[in-house]
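Number of protein chains: 2
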Amino acid sequence: MKATMLYGAGDVRFEDVAKPTIQKPTDAIIRLAASCVCGSDLWPYRGAQPVDGPQAMGHEYCGVVEAVGDAVTSVKPGQFVVGSFVLSDNSCPHCKYGFQSSCEQREFMTGAQAPLARVPLADGTLVALDQHPDEDLIPSFLAVSDVYGTGYFACDAAGVKPGMTVAVVGDGAVGLMAVLSAKQMGADRIIAMSRHKSRQDLALEFGATDIVAERGEDGIAKIRELTGGVGADAVMECVGMEESMKQAIYGARPGGSIGYVGVPHGVTFDGQELFFAQRQMLGGPAPVRRFLPDLIDSVLKREINPGKVFDLEIPLADVAEGYKAMDERRAIKTLLRV
Amino acid sequence: MKATMLYGAGDVRFEDVAKPTIQKPTDAIIRLAASCVCGSDLWPYRGAQPVDGPQAMGHEYCGVVEAVGDAVTSVKPGQFVVGSFVLSDNSCPHCKYGFQSSCEQREFMTGAQAPLARVPLADGTLVALDQHPDEDLIPSFLAVSDVYGTGYFACDAAGVKPGMTVAVVGDGAVGLMAVLSAKQMGADRIIAMSRHKSRQDLALEFGATDIVAERGEDGIAKIRELTGGVGADAVMECVGMEESMKQAIYGARPGGSIGYVGVPHGVTFDGQELFFAQRQMLGGPAPVRRFLPDLIDSVLKREINPGKVFDLEIPLADVAEGYKAMDERRAIKTLLRV
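As given, the protein sequences belong to chains A and B, one line each in that order. The numbering used here numbers the first residue of the first sequence as 504 and each following residue consecutively. The numbering used here numbers the first residue of the second sequence as 504 and each following residue consecutively.
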């Protein structure tokens, strides 16, 4: 079969690879219903993260089980499944506390920008639906496996509650999903920080009540102004850069919370500054598995439509163009038809 | 009157100063029932923090109101009061959210190692008792104004709940108070990190269930061992150094919380490391005012005895010896009789 390999910065190839096979009794092989490109794929694509030889790309997935290893008991061939981009056994103590993204057996999914993919730790990672879903829900299930689950965790980590005033830093796909999540969790006022008209529009559609186009100090000042000089109760940081992190910290009020899901690149915190700022912080790779059952249910009931975040849809064979469009910000997120 | 002035590293003098007077209509003057030396006083005393000219020392206090400014309505002369080391109006938005230590009008108390002291923002800062308390409770009320309130905040910030397994890094006065607070909040297992017999004993008396004498990597390994390889649900960091902060972060489980109240000195966090560690963090100067009514009540009912943290009691005139004893770790905390 042909699948997506990253050879180095800017060098995405769709080429022949061996079909995935069951390697461990806890594996499953799935046929993807669709695939997509993640904002985090752009770090190595842009050379901001080293690439050691050809790398199988893709970690967001949903689809139909083709085969399972002997030890797999919770899913079977023919079932439609959604999984998390973090593979977990869902039974170790960290998993039981709801932090499956710190599972003792944690692995990160790879090779999902392909027609078939191997999913290790299938029992702990995959959630099967009772029946195959309507075709138009596929993009939303794909979103749930990472981008929506991550936006949702940003809100969960920041403790978003009904009635709160919140802000979202970053208008990439995860930021927009954090807006939708905040809405789903009942936030009263949702300030989206975005400078791009198309993303502002999508943020408003997802539930944003205010748009702040300013950045840095000006952006912080604007959030303060919108919140009567106080700051937001919770801020979701969905970028991972020094400036965006500052915006998140100082956009929140003292005692407020920051949920950060943008993988920090070149970010350091001064202990004493953070101490006197007095903001609560929790971040990390999202424990999507914790949220999967609820989010799948919300998609099935059509209460949420996170699949709307895909604004470019192309065949999997054109995956290189999918990366390029996102890198050049022509697309928010690329869906790959398999 | 004579009061305590710090002239520079190691140079504490008890010397003639002007009696404090009402300077603003929101001030009160109190006659101290007792005073004490704080661990944070040791930073400038040790030269780890600059001293710009003679500095009036002391920020922990309880006592009887002598005089109030024209605008003060909630306390009156003759009442016994307890206040917070952070002065706050208790009415701004940050105060209403319970973060009085980030009050818009925040000031830090000074000049309380003296017979009389001026308390700005008296209405927002002081809590009056219905009657003068028994003499033996004075050390506990003094502790409540900072050291116990700070240990208590460490636990509150770390979200300590009944049944939890927690750890305390630091066996100074604040660390010991965090042990007592964790006990008061119902923690099931309380691991105190301490290498000193007398402090270990006090920790056990305050409710510690386990003592870890190891530090650094060994200390982290020991906490892991005691918690079945998992880590603690919550860790209270009560030192403020790089090593102690690492101990706190890696002593907690993924998804666990760190409440940090030791003012960080020379501590930085790497964003990516903190991200993948996935620990929740909240610190800062303690919003003691939030806790005062409850803590005063607990002392009055003799449910807690934080005053036990004072293991040296000397006359105020000997304050220099009080600093010295703490600096040399001969005393955990010095009470000054006024």
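Read the hints as simulated data drawn from the structure, not as lab findings. None of these values were measured; they are calculated from a predicted model. Accuracy of the hints is not assured; some may be wrong.
Identical copies carry no separate label here, and so any pair may be met within one copy or between two of them.
[To be verified] Here are the computed lysine to aspartate or glutamate pairs in the DMTMM-like style, where the Cα-Cα straight-line distance is at most 25 Å:
id : residue 1 : residue 2
1  : Lys599    : Glu728
2  : Lys599    : Asp691
3  : Lys700    : Asp626
4  : Lys749    : Glu776
5  : Lys749    : Glu607
6  : Lys599    : Glu776
7  : Lys725    : Glu607
8  : Lys827    : Asp691
9  : Lys599    : Asp659
10 : Lys579    : Asp519
11 : Lys579    : Glu717
12 : Lys811    : Asp659
13 : Lys811    : Asp800
14 : Lys579    : Asp637
15 : Lys749    : Asp773
16 : Lys827    : Asp530
17 : Lys686    : Asp573
18 : Lys686    : Glu717
19 : Lys804    : Asp555
20 : Lys725    : Glu638
21 : Lys579    : Glu824
22 : Lys664    : Asp814
23 : Lys664    : Glu806
So which of those numbered hints doesn't the model satisfy? 3, 8, 10, 11, 16, 17, 19, 20, 21, 22
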